[in-house]
Structure formats: structure tokens, C-alpha cells
Amino acid sequence: ETGVTQTPRHLVMGMTNKKSLKCEQHLGHNAMYWYKQSAKKPLELMFVYNFKEQTENNSVPSRFSPECPNSSHLFLHLHTLQPEDSALYLCASSQAWGTGELFFGEGSRLTVL
Amino acid sequence: AQSVTQLDSQVPVFEEAPVELRCNYSSSVSVYLFWYVQYPNQGLQLLLKYLSGSTLVKGINGFEAEFNKSQTSFHLRKPSVHISDTAEYFCAVSDNKAAGNKLTFGGGTRVLVKP
Numbered sequence: 001e002t003g004v005t006q007t008p009r010h011l012v013m014g015m016t017n018k019k020s021l022k023c024e025q026h027l028g029h030n031a032m033y034w035y036k037q038s039a040k041k042p043l044e045l046m047f048v049y050n051f052k053e054q055t056e057n058n059s060v061p062s063r064f065s066p067e068c069p070n071s072s073h074l075f076l077h078l079h080t081l082q083p084e085d086s087a088l089y090l091c092a093s094s095q096a097w098g099t100g101e102l103f104f105g106e107g108s109r110l111t112v113l
Numbered sequence: 114a115q116s117v118t119q120l121d122s123q124v125p126v127f128e129e130a131p132v133e134l135r136c137n138y139s140s141s142v143s144v145y146l147f148w149y150v151q152y153p154n155q156g157l158q159l160l161l162k163y164l165s166g167s168t169l170v171k172g173i174n175g176f177e178a179e180f181n182k183s184q185t186s187f188h189l190r191k192p193s194v195h196i197s198d199t200a201e202y203f204c205a206v207s208d209n210k211a212a213g214n215k216l217t218f219g220g221g222t223r224v225l226v227k228p
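Protein chains in written order, with our numbering: chain A, 1 to 113; chain B, 114 to 228.
Calculated from the structure, these hints are not laboratory results.
A hint or two may mislead.
[To be verified] Far from chain A, by Cβ distances over 10 Å, these chain B residues were calculated:
id, residue
1, 130
2, 184
3, 188
[Unchecked claim] Here are the simulated PhoX-like cross-link-like pairs (lysine-lysine), alpha carbons at most 25 Å apart as the crow flies:
id, chain 1, residue 1, chain 2, residue 2
4, A, 52, A, 19
5, B, 162, B, 182
6, B, 227, A, 40
7, A, 40, B, 162
8, A, 22, B, 215
9, A, 41, A, 22
10, A, 41, B, 162
11, A, 40, B, 215
12, A, 36, B, 215
13, A, 41, B, 215
14, B, 162, A, 36
15, A, 52, B, 215
We treat Cβ as the ideally placed atom computed from N, Cα and C, and that holds for glycine.
This is chain B alone, in the form it adopts within the complex (with noise of 0.2 Å):
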């Protein structure tokens, strides 16, 4: 069974300022790794994946993330962030290559950029 725990519910940040989400997984099997952005009232979309190769994933708006098997973490990050980056964002895991199947998700991170 997979499972996906992102430790911070809230974060809060000034704008131009880093922010760091934390998630860390458990899973027996390969994992692919996911995250999701939800902005008010809107679905989710997704930011970036790591589904082999390089542990260090590019994504869109300026955000990357990186794998850490060791650690069982896929923590996104991004250096400077803007008041349109308030939003809430998920980690998701999946034990199959494609996206399509069945992902478990993080409770999500709620951030709120101040200015």
C-alpha cells in the first residue's frame, strides 16, 4: 500500500521569498511522483513529475522539485515566489508509470503569499 504524507497544512510567505513544501511517501513498489497545484475555485494541474532519470524535476511557473529515495521525499521548492502562487498543492504517488492510474494523494499545502 502507498501512502503520501505532507507535513505542513499551512505556509505561509512573503512574496520574493523561497518556500519549501515538504512530502515524504511510503510505498513497496517503483514509485512516480506527482505534484499538483489547486488554485482558488479551480481543479487541479499538474506542476511537475518524476517518473525516472534525473531526481532533480523541473516544472512549470518556477517550481522544481527533487527525489530523494534515501529519504523517501519528494520536497518541492521554489526561490521566489509571487502572490499568484497562492494556492494549495498536492503530492501525489503512484505505483504505475503512467499518471492515469490510481494515485494516492497528500492532505495537501495550503500556501499564502503575503506581500
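This is chain A alone, in the form it adopts within the complex (with noise of 0.2 Å):
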């Protein structure tokens, strides 16, 4: 199993679609984090999870919506998206946060038409 598996790898959907993201991490990690690549635009943070627990919600429209059940998985649920949502999104975990080195999964592709 790899550190930080992400799926799918590529999703296409319309703006009137329901879909999720899924990351889960075989590192033993307590944090684990949702950022957003995005063409021409540094990664953003979206949100961060640490034992759980959210810390992190940087101003993301609530048609994101995560969910964390456990250290090892990560939800990123999709509704209502527009078309300039369409990016890579990549999860990433690390000991806890505040703790430890970055580790990212491969990332999901996101096209929303």
C-alpha cells in the first residue's frame, strides 16, 4: 500500500452533480489535509483535520464540504460545483498538526462542466 492513496484519480462531473473525493493514509498520521491545485494559482489549503478534528477552513465555499470519520480517511464531498472548481485536488497528511513532514497523495482531477 502506498503512504497516501487518492480516489478517484479523475472525476467528471456537471454542476448539478453529488460526488466525493476519497484519501486515506497507511502512515499511522493523526492530520491530514485537503489543498487545491488549481492552473497558474500556488496551492491553496482548503482544509486541515487533526485527530478528527477540524482546525483549518480557509474561507472554502460550502459546496466543499469534508468529512474525517477517522485519522485514516478523508472525505471531500462535492455539490453544486461551478466550472472554475476544476482543479487537482490533492490530500495530504502528516503526524499531527504542527508535526511533521508533508506527505501527499497522488490527487484526484477534478473536471466540472
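Build the complex from these two chains, which are given one at a time in their own frames, with help from the hints.
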């Protein structure tokens, strides 16, 4: 098993669809992160969960809804997205919030039509 | 507030030639600096980091970077690149010694190594 696994790798959805991105880490970490990577823009931190509690929400629109049922799994629920939400969504984990190196997954490429 | 500027969005370079990727930062507090690499269709991987001590930091795959406090820079270098170094490179800064804290990333530099 690789350290941080994201599924699906590619997702195409319409603006009225509801879909979810999944992230799983096998590193025994306690902090998990969602980042957004758009073309020609720096990586943007979206959410941070530390020991299953959300510690950061960087003014992300409510059409993105994170869920962290346990320290190994992180979801990003998507609904009524806009075309400008098309991007690569990267999941990462670390030992804990404020501790340890970030380990990234390979990302989920989202296209909103 | 912190910010990171990567001055070159793209750097073409021939195989076995040296490469330098420039990174400048601004911060009002102590900084900790990182370089990440993203190979095509992959996530980010830590190349090296500066937390304290020697200002010359060596990382994986033959890369090194030098922290220059007076010039607020953390440029990345490799003396001889390979085709496999084709990737996007990101400089990042944190105000916390632990990488798991909030990182501010630069816009990235895309390196294309030509045969």
C-alpha cells in the first residue's frame, strides 16, 4: 500500500451532480489535509483535520464539504460545483497538525462541466 | 503574513547542464523553508528543507539549496540534471518549525530537461 491513496484519480461531473473524493493514509498519521491546485495558481490549503477535528477552513465555499470519520480517512463531498472549481485536489497527511513532514497523495483531477 | 515568489515559471535546460531555481520569500517572523517536487501525474514530494543550522541544505536526487537570510532567498540547484528531473518544483515557507503546519507555497517552476 502506498502512503496516501486518493480515489478517484479523475472525475468529471456536471454542476448539479453530487460526488465525493476519498483519501486514505496508511502512515499512522493524525493530521490530514485537502489542498487545491489550479493552473497558474499556488497551492491553496482548504481544510485541515487533526485527530479527526477540523482545525482549519480557509474560507472554502460551502459547496465543498469535508468529512473525517477517523484519522486514516478523509473525504471531500462535492455538490453544485462551478466550472472554476475544476482543479487537482491533493490530499496530504502528517504526524499531527504542527508536527512532521507532509506526505501527499497523487491527487484527484476534477473537471466540472 | 508570509509570501513566496518563484521568479521563473518555466526553466528549459539541457541534460547534464546545471540548473538553478529561484525562490524569494517574505516573512515577519522566523522562517522554515522547503522545496517540493511534483513529477507528472503525481503528488508532491519533499526534496529538502531548512529548519536551522547550516545554510546549505542537501536533499534527495542530488539537489541542494542555500538559505540566504539577507537576501531572503532559498534557491535550489543541481549541478547536472537528468531527463528524469523534468517536473514542477515548489518552494514553500512556514513560520513553524514543523512542516505539518500551514505552508505557503510559491507558484511553482516547471523544469523541462531536454536531451
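So, going through the hints one by one against the coordinates:
1. 130: holds (26 Å)
2. 184: holds (21 Å)
3. 188: Residue 188(B) is indeed farther than 10 Å from all Cβ atoms of chain A, at 18 Å.
4. 52(A) to 19(A): holds (21 Å)
5. 162(B) to 182(B): Status holds; Cα separation ~15 Å.
6. 227(B) to 40(A): holds (23 Å)
7. 40(A) to 162(B): Distance of about 24 Å is within 25 Å: holds.
8. 22(A) to 215(B): Holds, because 22 Å separates the two Cα atoms, which is no more than 25 Å.
9. 41(A) to 22(A): Holds, at about 23 Å.
10. 41(A) to 162(B): holds (22 Å)
11. 40(A) to 215(B): holds (20 Å)
12. 36(A) to 215(B): holds (14 Å)
13. 41(A) to 215(B): holds (17 Å)
14. 162(B) to 36(A): holds (22 Å)
15. 52(A) to 215(B): holds (17 Å)
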